[in-house]
Amino acid sequence: MTERSPDQQGGRDEVERRLAETLHGQLDGLNASSDLTAPAIKRSRRLRRNRARLAGAASAVAALVVAAPFVVNGLRESGLTGPGPARSTIAALSSSGTTTPAPSTTTPAPSTTSVPPTTPAPTVDADAAPLATVRPSFGAAARSPAVSYAHGTTVHDVLRDHQATLEVPADSQIGAVNGLFADGSVLGTVLSDGDWAVVIWDGVTGAERTRLSTGTVLAFDSDRTRAAYSDSSERLHVIDSTGDVVATAPRAGLLASGIIGDVVFANDIRSEQRQGYTWNLATGALKRFDGRFGPAHSGAGLVVFRPTDAGDDACFRILDATAQLAVRWTGCGDFSPDAFSSSGGFLVGGLRIDGGAPYDLWVMRSSDGKRVLRVDGNPSGLMLNGRAVSDRDESITVVAQNADLEEGLVECALDGSGCTVVGAPEPLDTKTASGVSSPVWQILP
Amino acid sequence: MRSDAEEEFAEFVRARQHALVRFGYLLTGDRMAAEDLTQTALARLYLKWDTIRQAGAMEAWVRRVMVNEHTSWWRRAWRRRETVDFDATHLADRTASTDPGPVSPDDSLWQHVLRLPPRQRAAVALRYYEDLSEAQTAEVLGCSIGTVKSQTHRALATLRSRLAEVPA
Numbered sequence: 001m002t003e004r005s006p007d008q009q010g011g012r013d014e015v016e017r018r019l020a021e022t023l024h025g026q027l028d029g030l031n032a033s034s035d036l037t038a039p040a041i042k043r044s045r046r047l048r049r050n051r052a053r054l055a056g057a058a059s060a061v062a063a064l065v066v067a068a069p070f071v072v073n074g075l076r077e078s079g080l081t082g083p084g085p086a087r088s089t090i091a092a093l094s095s096s097g098t099t100t101p102a103p104s105t106t107t108p109a110p111s112t113t114s115v116p117p118t119t120p121a122p123t124v125d126a127d128a129a130p131l132a133t134v135r136p137s138f139g140a141a142a143r144s145p146a147v148s149y150a151h152g153t154t155v156h157d158v159l160r161d162h163q164a165t166l167e168v169p170a171d172s173q174i175g176a177v178n179g180l181f182a183d184g185s186v187l188g189t190v191l192s193d194g195d196w197a198v199v200i201w202d203g204v205t206g207a208e209r210t211r212l213s214t215g216t217v218l219a220f221d222s223d224r225t226r227a228a229y230s231d232s233s234e235r236l237h238v239i240d241s242t243g244d245v246v247a248t249a250p251r252a253g254l255l256a257s258g259i260i261g262d263v264v265f266a267n268d269i270r271s272e273q274r275q276g277y278t279w280n281l282a283t284g285a286l287k288r289f290d291g292r293f294g295p296a297h298s299g300a301g302l303v304v305f306r307p308t309d310a311g312d313d314a315c316f317r318i319l320d321a322t323a324q325l326a327v328r329w330t331g332c333g334d335f336s337p338d339a340f341s342s343s344g345g346f347l348v349g350g351l352r353i354d355g356g357a358p359y360d361l362w363v364m365r366s367s368d369g370k371r372v373l374r375v376d377g378n379p380s381g382l383m384l385n386g387r388a389v390s391d392r393d394e395s396i397t398v399v400a401q402n403a404d405l406e407e408g409l410v411e412c413a414l415d416g417s418g419c420t421v422v423g424a425p426e427p428l429d430t431k432t433a434s435g436v437s438s439p440v441w442q443i444l445p
Numbered sequence: 001m002r003s004d005a006e007e008e009f010a011e012f013v014r015a016r017q018h019a020l021v022r023f024g025y026l027l028t029g030d031r032m033a034a035e036d037l038t039q040t041a042l043a044r045l046y047l048k049w050d051t052i053r054q055a056g057a058m059e060a061w062v063r064r065v066m067v068n069e070h071t072s073w074w075r076r077a078w079r080r081r082e083t084v085d086f087d088a089t090h091l092a093d094r095t096a097s098t099d100p101g102p103v104s105p106d107d108s109l110w111q112h113v114l115r116l117p118p119r120q121r122a123a124v125a126l127r128y129y130e131d132l133s134e135a136q137t138a139e140v141l142g143c144s145i146g147t148v149k150s151q152t153h154r155a156l157a158t159l160r161s162r163l164a165e166v167p168a
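Chain order of the listed sequences is W and S. Numbering follows UniProt numbering, in which position 392 of the first sequence is assigned residue number 392; successive positions increment by one, without gaps. Numbering follows UniProt numbering, in which position 141 of the second sequence is assigned residue number 141; successive positions increment by one, without gaps.
The hints are simulated quantities; they were obtained by calculation from the structure and are not laboratory data. Hints are all accurate, no fakes.
With the C-beta cut set under 8 Å, the calculated list includes, among others, these residues of chain W facing chain S: (1) VAL15; (2) LEU23; (3) SER33; (4) ASP35; (5) LEU36; (6) PRO39; (7) LEU405.
Label pairs and their in silico Cβ distance ranges: (8) W/ASP429 - S/SER108: 21 to 31 Å; (9) W/THR165 - S/GLN54: 54 to 64 Å; (10) S/ALA164 - W/ARG45: 48 to 58 Å.
If we take Cβ atoms under 8 Å as the criterion, some of the chain S residues that face chain W in the derived model are: (11) LEU42; (12) PRO117; (13) VAL124; (14) CYS143; (15) THR147; (16) GLN151; (17) ARG154.
Where is the CB? At the ideal position from N, CA and C, for every residue including glycine.
Could you build all of it, start to finish, from the sequences and the hints given here?
Below, the structure written as structure tokens:
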């Protein structure tokens, strides 16, 4: 790493020389505060131990499932569960010496009724090679997107063959279009006076109907009549399409990751201890889990969970919220799930280290973790955003960004036969007063 | 008692940790985040120590992990641009730290560097601080030389533009 590069030694202009001097001025006196050897080894051992333990736990649980299908926790109050015999809880598994492959509750779990998994929960090597690889590149758009999307301030609800241009005041800019309620109204955020305001627009005229306080919108329920919203006081609410608050969480500091049935999955954003919560809208009950909930899909009833004791996010679990949070499968490795696809049929994300992210997007089947597709943006220098991916007609549509900060939409066939540009690349506005660029393209869930 | 592998790893860490933390600081703009990022990368290195050591490119591998790990932080922020959640605020606090770091002869330029997109910032760091060639930079970033050129060109254009807007 100390080799001097010939192409660096001559021909630098004033800005380049000044840049090098600045970097050296900022950094040359900076040292590690202590020897990093011991903490690095400790962290790596924790990683290795938890990977092994979780893998072993899955096997152990698989054996137990034959005799006693396990359940993670009671969600009977939510009305999500079906009939079945009362079964053991995860607490029983823990006390028996079997490890904990599923989240543990800190409050006593009630006697529950479970719908056991039809198959033992397998552990998947989340880094295994996918079946196919596609390599998208930017170019002229071959056709329009086949999925619902927003282009600037224009919302194209392709499924209902409808579009509307959202009104955004001249002194503000759009932050996000989160999606459409069932009645067609549009939920999103605008940046105004340095604050993010949550806004609901009329789905036909695009007129702003309601403006809520500064906050965050993260999830719709399955029938799109309700959405989770956290206000500037970090108080979590569920609102309807008029912006009226339907319910407020009994605890502050929560941010929702999804709504499935009557259960809101949320994380404590104030605690350093990575605590997740389920909030039952029907009963008001709040339950704490040692870990954090990730992406959720209301239609598929699936939610990602990372247990706290899994070290450096070594493994994640796919929980079935319609079956007492049974573990469908566990994924271990460098793959990090960003979101479910629009149908819930696929889990998308990227590899976190070693040459993958952020140019790689991996697509796994939600039901069993089977690798389906790798979208490789490396050859074209395309970063791929796995946050909102739509799957339709055996393909997925993804927002991509190149090194010139242009955003476009690419559609890639799940069978690996190729990709097509469906949203022409356009430059992000990097000179906004806020310093925050409004998105050019967004895929709507 | 430490194993041979552990001793070798410790020797590597002690020799390179300061340089790696500096690189981490360039990526994150925050001393604590820099150490956290370095520690994460070193932990991953230790897990693959035998393999990576045999390949003989430990430091390049660690830097690559640091770049990718940091870009992942940033990608989460990109994701949050759409969802605008509170973690994004925390992340912004973390990456745009108030930690002044060492005294700079050109704070305005430094601030402009910290505002570059992560991959551009990484390319600039490797080219103008580490003095790596385009090929070496491409190896660390895990991309083509062409991408390194475009990232660096774009970063310099941005810096020139911003310096012109706000004379130092």
